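Assemble the whole structure, with the sequences as input and the hints as a guide.
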Amino acid sequence: MNLMHALDKSYYEWALKNLRAMNKDNVYKNLTYNSLLYLEMILYNENCTASFLADTLHVARSAVTVKINELVSKGLVIKTPSKTDKRVSYLKVSPAVAKDYIRIDDSLLAATKEIEQTYSKEEIKAFTEMLEIIQKHYTRGDKYEK
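For the sequence shown, the positions run 14 to 159 when the numbering used here is used.
It should be emphasised that the hints constitute simulated quantities derived from the structure, not laboratory data. Errors might be hidden in some of the hints.
[Said to hold, decoys possible] Taking lysine to aspartate or glutamate and the EDC-like style, the derived pairs with C-alpha atoms no more than 20 Å apart in a straight line are:
#1 K105 to E135
#2 K80 to E53
#3 K80 to E59
#4 K30 to D119
#5 K96 to E59
#6 K87 to D119
#7 K30 to E53
#8 K37 to E26
#9 K149 to D68
#10 K112 to E129
#11 K149 to D21
#12 K126 to E136
#13 K37 to E59
#14 K149 to E129
#15 K37 to E136
#16 K105 to E136
#17 K105 to D21
#18 K22 to D118
#19 K112 to E53
#20 K92 to D68
#21 K112 to E59
#22 K30 to D118
#23 K87 to E53
Please read all numbers here as calculations on a predicted model, not as lab measurements.
Encoded structure:
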């Protein structure tokens with residue numbers, strides 16, 4: 014398997030695992046990949062706002078507002094108005110969603126532990142540097158696609 018295929022396959026498997034886990038037992042009312050993306054962005058970005066999501070995703074603010082309202086109505090996202098600017102609301106995932114993400118990440122934690130037991134510190138350092146290169150080019154790619 015070549016590197017590009019391995020990366021694509023890993024991304025596919027992670028995204029699919031997250032969707033399956035979040036939709037298990039229909040707790041989250043059949044989340045779409047788009048909804049999952051919003052939840053992850055909100056979870057991993059402190060002081061997340063609709064404007065941040067729209068700017069990051071390069072989509073209309075109205076489309077973001079519709080998605081946020083859907084997630085709020087399902088009880089997955091909590092909106093808190095800013096204390097200084099009432100036009101701004103900060104977004105957080107519900108405590109139940111945050112707890113489920115910790116549960117979903119258990120398999121990644123297990124994989125991390127196995128890697129740490131199997132590979133040397135130097136090999137792990139090289140791997141993390143490789144991941145940083147991939148992330149750098151992905152981030153840089155966004156800037157050039159405008």
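Structure-based check of all given hints:
1. K105 to E135: The given pair, whose Cα atoms are some 37 Å apart, is violated under the 20 Å limit.
2. K80 to E53: holds, 13 Å
3. K80 to E59: Between K80 and E59 the Cα gap is close to 19 Å, so the pair holds against 20 Å.
4. K30 to D119: holds, 12 Å
5. K96 to E59: holds, 16 Å
6. K87 to D119: Not OK: K87 and D119 at ~25 Å, beyond 20 Å, violated.
7. K30 to E53: holds, 14 Å
8. K37 to E26: Holds. K37 to E26 sits at ~16 Å (cutoff 20 Å).
9. K149 to D68: holds, 19 Å
10. K112 to E129: At roughly 25 Å apart (the allowed maximum being 20 Å), E129 and K112 break the hint.
11. K149 to D21: holds, 17 Å
12. K126 to E136: holds, 14 Å
13. K37 to E59: Judged against 20 Å, a Cα distance of about 27 Å means the pair is violated.
14. K149 to E129: violated, 24 Å
15. K37 to E136: violated, 36 Å
16. K105 to E136: violated, 36 Å
17. K105 to D21: violated, 29 Å
18. K22 to D118: holds, 18 Å
19. K112 to E53: Measuring from Cα to Cα gives roughly 13 Å; hence the hint holds.
20. K92 to D68: This hinted pair holds, its Cα atoms lying about 18 Å apart.
21. K112 to E59: Measuring from Cα to Cα gives roughly 16 Å; hence the hint holds.
22. K30 to D118: Distance ~10 Å between K30 and D118 Cα, so the pair holds.
23. K87 to E53: Measuring from Cα to Cα gives roughly 16 Å; hence the hint holds.
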